[in-house]
Amino acid sequence: MTEPMILLKNLQVAYDGQSVLQDVNLTVAAGEAIVIIGPSGAGKTTILKTLLGLLPKNARITYETASLCGVSWPKSEQAWHDLRGRRITYVAQGAVSSFSPFFTIEEQCRHVAKAINLDWAEAHSRIETLSIALDLDLNVLSLYPTELSGGMAQRVALLFALLPKPDILIADEPASSLDMVRQLQVVELLKKVQQSEGLTLVFVTHQRELANCIGDSVYELQDGRLQCLQEGHLQCLQDGCLQNLKASMNEGDHSASISVEDITTIDKEPRAVAVTDVATAPLLEIKNLQACYEADSNSVLHDVSLTVHRGEWVALVGLSGAGKSTLFRCLLGWQPTLNGEILYGEKELANYSPAELGQIVQPIWQDPQSSFNPRQTIGWSLEEAIKHKPAKPVKSESLQSLGAQNVRFLSQECTILDVADRARFSPVASSASTGQEQVSTLLGAVNLPSSYSKRYPHMLSGGECQRAALARAIANNPSLLLCDEMTSALDGQTQAEVLTVLNDLKQKNQLAGLVITHDLTIAESLCERIYLLAEGCIVESGTVAAVLANPQSELAKQLVEARTLLKR
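Our numbering puts the first residue of the sequence shown at 1, with every later residue one more than the last.
Among the clues, some could well be false.
Keeping only pairs whose Cα atoms sit at most 30 Å apart, straight-line, the calculated DSSO-like set for lysine-lysine is [stated by the list, open to error]:
(1) K75 to K49
(2) K165 to K49
(3) K557 to K287
(4) K508 to K347
(5) K454 to K506
(6) K192 to K347
(7) K192 to K114
(8) K57 to K75
(9) K75 to K287
(10) K75 to K44
(11) K165 to K192
(12) K508 to K557
(13) K347 to K287
(14) K57 to K557
(15) K44 to K9
(16) K57 to K44
(17) K49 to K191
(18) K165 to K75
(19) K165 to K9
Everything labelled a hint here was simulated from the structure, so no lab data went into it.
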């Protein structure tokens, strides 16, 4: 009888005496795909670290029986080293953090090939094959990680993990940052790899619809206990439907989104639609914007135009690599543009000092933890944001005299003013008690207890950290939030919590928002209007309801069809 690739019997893991995983029983055969689902904090990360031998030193692991790849559970770091990166590979959720920023993708591929004793000619041939399946142009090899979009980075990370031809691939939310069409492509790729190479797959996700698409067996992790929900191959995508979707993708534009079932339960009452006066000047207006990475390269954005009025929420949806990240950087003044205009309140972006711009717009990031100072508490970060809030309107020349050119967005852990300048900039902030009260008020506004002010970022769950980031962003009463895939890494329940907070802030603070997302359900829950971006161009726009009910562009039709497939 063939030994299972993964065998765990009565496994338990505890941190400093506190149980995290309890009585875990898991048997995975060669060539089998299993999916582990569960909300944030259920123990998914711990079970991944257990399978990779990366538990922290304060962890204690016990088991009745355990083996990997047909051999007894490794007892030494050398034994783990012989497995990791060769027979067992890993794809992290935050792909960019797994790359070195100092080397091109090709240089890092060469490093991987050398580490596993793979001849470069053979490695390059495999890279060519995998690039086709992952929809990656071979030109990606010449790029640095910072030049990749989030979706491209995730696909490159998959390429790295598949390069050694592993026995076991452990994938931690590999599709969470991708649009719906790319998610289906990743699922199809992993199925093909599994069939052709006998790969054993452990797929961790918070998306139940993806679990049903890829898993032979689906397990749910709740409070440290693993329960098998369903065994036997689950085929949620009808072959004909998938072929139709792929055919439509090959015919025209591309775009997509994912749906999260839990979010549809956020608010069963009719959602209030913001009333905007289109006769007034937009809060944000983009006119015929054109941008590229380098002066002699092809344009990434082509004649992009859109508007956001005061109090209005607008969605920008597109496939990975469509240009969403480039547009986001342009709006913050971090990406040079070739032609066109970006206006905030009829004033050119270039005419704002950083401090002035920060009083109008604040960005919210996909990974909130990386935007906090890990050595400081949440309360400290919020107090710094409060200290940048002017007690009364401040003239531009006053801001410049305070060194405002060195101030960055609050949601970046900005470079703070010195003590003297801060006192002039915001006299109210000199009172410690007032600052603490304001911190408590901000935390209350995002449904977090005031005691969280004493916690460090790593002590918060993903949803709690995202809500803390929201609290910091609204500290200086901005008029506009720029939200970049801010819920894509969260499970459905946590997404629902964050969206509930955002909808509440919209009403109370009369905020406007531009939501960059690949999730149609997010757009539907938050926004009144939508723009669809494909290959750097706006291909359709209108109210969210109208576009979803009657899509006109090929792009919109693919979005709606892909969402329907994953809802089945």
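Do the hints match the structure? See the list:
1. K75 to K49: holds, 15 Å
2. K165 to K49: holds, 21 Å
3. K557 to K287: holds, 26 Å
4. K508 to K347: With Cα atoms ~26 Å apart, K508 and K347 stay inside 30 Å; holds.
5. K454 to K506: Holds, at about 27 Å.
6. K192 to K347: Roughly 52 Å between the alpha carbons, so the hint for K192 and K347 is violated.
7. K192 to K114: holds, 26 Å
8. K57 to K75: Holds, at roughly 14 Å.
9. K75 to K287: violated, 62 Å
10. K75 to K44: Roughly 22 Å separates the two Cα atoms, so the pair holds.
11. K165 to K192: holds, 13 Å
12. K508 to K557: The hint is violated at about 35 Å.
13. K347 to K287: Status holds; Cα separation ~13 Å.
14. K57 to K557: With a Cα-Cα distance of about 51 Å, the restraint between K57 and K557 is violated, given a limit of 30 Å.
15. K44 to K9: holds, 17 Å
16. K57 to K44: holds, 18 Å
17. K49 to K191: At roughly 24 Å apart (the allowed maximum being 30 Å), K191 and K49 satisfy the hint.
18. K165 to K75: holds, 24 Å
19. K165 to K9: holds, 27 Å
Hints 6, 9, 12 and 14, counting from the list given before, are not met by this structure.
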